[in-house]
Amino acid sequence: MNDLYQKDFLLTSEKSDKALKTILELALLLKSLRDQNISPRVFDTGLAMSVFRDKSTRTRYSFASAANMLGLTVQDLDEQKSQIAHGETVRETANMISFLTDIIGIRDDMFLGEGNKYMREVGEALDEGYQQGVLPSRPGIINLQCDRDHPTQSLADLLHLEQYFGSLEALKGKKIVMSWAYSPSYGKPLSVPQGIIALMSRFGMNIELAYPDGYELIPEIVEIAKANSENNGGTFSISHSMSDAVKEADIVYPKSWAPLQVMKQRTELLKAGDTKGLDDLEKTCLAQNAKHKNWEYDARKMSLTKNGDALYMHCLPADISGVSCEAGEVSAEVFEKYRIQTYKQAGYKPYIIAAMMLANKFRDSVSVLSKIVDRNLPRL
Amino acid sequence: MNDLYQKDFLLTSEKSDKALKTILELALLLKSLRDQNISPRVFDTGLAMSVFRDKSTRTRYSFASAANMLGLTVQDLDEQKSQIAHGETVRETANMISFLTDIIGIRDDMFLGEGNKYMREVGEALDEGYQQGVLPSRPGIINLQCDRDHPTQSLADLLHLEQYFGSLEALKGKKIVMSWAYSPSYGKPLSVPQGIIALMSRFGMNIELAYPDGYELIPEIVEIAKANSENNGGTFSISHSMSDAVKEADIVYPKSWAPLQVMKQRTELLKAGDTKGLDDLEKTCLAQNAKHKNWEYDARKMSLTKNGDALYMHCLPADISGVSCEAGEVSAEVFEKYRIQTYKQAGYKPYIIAAMMLANKFRDSVSVLSKIVDRNLPRL
Amino acid sequence: MNDLYQKDFLLTSEKSDKALKTILELALLLKSLRDQNISPRVFDTGLAMSVFRDKSTRTRYSFASAANMLGLTVQDLDEQKSQIAHGETVRETANMISFLTDIIGIRDDMFLGEGNKYMREVGEALDEGYQQGVLPSRPGIINLQCDRDHPTQSLADLLHLEQYFGSLEALKGKKIVMSWAYSPSYGKPLSVPQGIIALMSRFGMNIELAYPDGYELIPEIVEIAKANSENNGGTFSISHSMSDAVKEADIVYPKSWAPLQVMKQRTELLKAGDTKGLDDLEKTCLAQNAKHKNWEYDARKMSLTKNGDALYMHCLPADISGVSCEAGEVSAEVFEKYRIQTYKQAGYKPYIIAAMMLANKFRDSVSVLSKIVDRNLPRL
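Protein chains in written order, with the working numbering: chain A, 1 to 380; chain B, 1 to 380; chain C, 1 to 380.
Bound-form chain A, shown alone:
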């Protein structure tokens, strides 16, 4: 079964292993076409809508460059960021921005319990619109980060790991530490760590999730990761010390996120329009964070990893101590050592998104790319 063609890409956990491997394969192919100056354009006109309900430079660029690669033009929808829309507003807007749209990319990561739900509501509206003859085709939705998952990030991360260690097979038995880290900023989404544990657990890796008390992830997603590990020959454990967690790690991903309870309260306060409550919550949360400044990934902790040089990962921008902030997620020394690697990690994202677009629109996307290689149209 092809679970990519004409299917939204909302959660990696909904996709088969075959589907995920297809995305990785397509992304690599697209990257090699770029290196050979071959244009992979498959659209002669067409629109990719971007709906960002949170600020973004990197993902915005990745989405725009993926669209451009395939011949689509990006059109941005200006959405009010602090408003949770439902019902007729969503149904109507979804149709109004889809009359000639091929792909819709949505980032909605600020409010727990809302982002992924919103994407599904948009999807249902599009289904109806297409069935009722409002839309000439059903635009595909790509999750550009929600409250539950960040699939374009986690798949770019997986592709980076595949390239770094040589193959997906080589990832089996590797220890990856997904660790909370201190940050002076507030309200970072849980989607990156959740995306990492849910995805990497499917490739036989040994997952260690580390965070201070109170910073747990959505329990249901942790259960998915545990089950994946069992089914794929890996292990899954949780610890509450970064130093303990990183021992003998092959990969360390230190990244801040907000406490689950704070994220829940925030959604409630927002729904109630309680501005004062939101301000107070921010102060409480920052004070809570500040108790865990020792959750910085530094040279000492790195020395505890396998051969002292576990691959450091980050989705960027990182809070680098003494560089982008006084005290942060990672020491300047450690970051600098892996800086270029983090850039490479980020560089896979445009291709991952383009692969998702391609797989959504073509039943046999791999053979479409073969034809593109044969066509051999120079991009420049």
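Mixed in with the good hints, there may be bad ones.
Since the list gives no way to pick one copy over another, a pair counts as held whenever it fits inside one copy or between any two copies.
[Said to hold, decoys possible] Think about it this way: if two alpha-carbon atoms lie no more than 35 Å apart in a straight line, the pair counts; the simulated DSBU-like pairs of lysine-lysine are: (1) LYS226 <-> LYS276; (2) LYS306 <-> LYS291; (3) LYS55 <-> LYS371; (4) LYS344 <-> LYS271.
In short, the hints are calculated from the structure, not lab data.
Guided by the hints, dock chains B and C onto chain A, whose structure is given.
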């Protein structure tokens, strides 16, 4: 005479019946090309400037998708919204954004007596720029809503009616009610009702314009509609009760707009920079609106229409009672019944705009589209 | 040596005469292709990033239309305007917006000592990214105005002069007056006058730089202009009276700029985050400007020029007395006489930028354009 080729599209009342029918025909053809996955791209590079002096999601999308369909790239001009520009500022800006521009779409609907005037001023500046050798070609202007008319909306509405009732011929003798409706929001332009009465009166329809005392439209446009009705075998009447107006109607278009006097005062206050006066005017206007909450189109009123199921129309977004506001233009029940129809109505707009672009740029636009059918270039 | 191919275009003073002439030649060729309805598209997909750290309508349009002409899509980077970024932030962002980027256009003209430096920092980050395999190719940077130079403006101005007087050769011995002029607005960059004196002095023109005491330009750039004049058979002088300066001038370029000391202080205050200090400085600066209201270019001053009709130039928008402000850089009468000429002057900019893009990406850009003439692909 071809009054589309190299002519701005500013008011439907300036265009011949033949011109309007050409736009409808081209729009339908473009829509059918989309359904057949044929690319109608006629530009290899080119720019469509959009100048929005008022917020817009739907028209912005329609303009962007029309441009994309034909191979043009949209470039937005950031204009200060609260400023009425004249003279050298307009002349200069018009030229500065036109060196490589094919089409300029302008929305300027906020200030009575200003929007259409502004478009003509831009047009004159472009004429001069082209004659003086500043511009290699004369960009065509498309009115995306002004203080007098909203031609891309009214023509999309007409195309919807043609498709719904089977032909333009079938519209003869149909009763259409353009009715004011209550809205809790302030300062909605008069251009939609004005556009509807000025256009539909040309196709032999029986127009009933309904509004509470004080909500009349620009008298000159009402005169145009009356004359059209006389010349085309229809009738035109005005009433001051929604319930009376909708009796035996084939089509009901309930839509809020601001009182004419308020719109006039607003323009004056704005020119004088009287912020306090503008705030006071808003309060007065909302209070005035609130006296007419019974101007809601509901199931009871619908039951009075022909067979109790007149086609409900709206340019969207509608103020739906209990859905998007407490009390509004239409009851949830009635809106839901015709919801998909309103989406279809909106769906014609991108094709209407693309048809206007095409007809502005090609002397024989219909034969250009025939060649495109023959070319048979797959879009995807 | 080809100092355009794969080289950033940051300052005209870094480029050879041959390079500058190539840009002018390419720009003219591109303009004539447009007039013949031939598409010069050389990219099949590709991105041009625009980074505007200051507001812009004209240059933004010019960059967008240049990109479109060649087949590139513009993607804007939203940058915080009031922040001077350095180090890792710049390195990272430069790479994140470059994975699939061909050209980066940057405007950063607000802070003395910062704009050009920032562009070079971006360039170094791109060099590293390309060398380290992060980027598949090295995007070229085009300076869209910095604290030192405004090369797309000065080269468009030069092309205008070449066309107006018939040839570059004809410019030899012509007297051009680059004069400060009064403006009621604050903090205009020094890059236009600096760009003009540094460039025009290379073509044997007699440069007269005029400004009231305190409005000198960056000394180092004045030295460059002086040396150019000596090496190219022209003269260079400075005066402190507009009336004296314009005598027997062939060309007069009256344009306001901020005092050098104010621009220096402003950068320091900004670095210190001293908002109060910045406000005070603005007041001081406006008061200082107001002492020189007689620095308006009017009919009387124009009568002193060669035959009383020296070519008036301006980069637009000009502060026109009685039109765009009470008292400004130029009288309405003089401006009106040369208004169309200023529009033509501005009209070269899109082609200059496109020429820079082309020359950056193709080793033999002139022969690429010849092939395009042979290809003869209609744009419309």
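Status of LYS271 relative to LYS344 across identical chains (alpha carbons, at most 35 Å): Between copies, since 32 Å is at most 35 Å while 39 Å is not.
Intra/inter-copy verdict for LYS306 and LYS291 if alpha-carbon distance must be at most 35 Å: within (28 Å within a copy, 71 Å between copies)
Up to 35 Å CA-CA - LYS371 versus LYS55, copy category: neither (37 Å within a copy, 43 Å between copies)
Homo-oligomer pair classification [LYS276, LYS226; C-alpha up to 35 Å]: neither (39 Å within a copy, 56 Å between copies)
In summary, the numbered hints that this structure violates are 1, 3.
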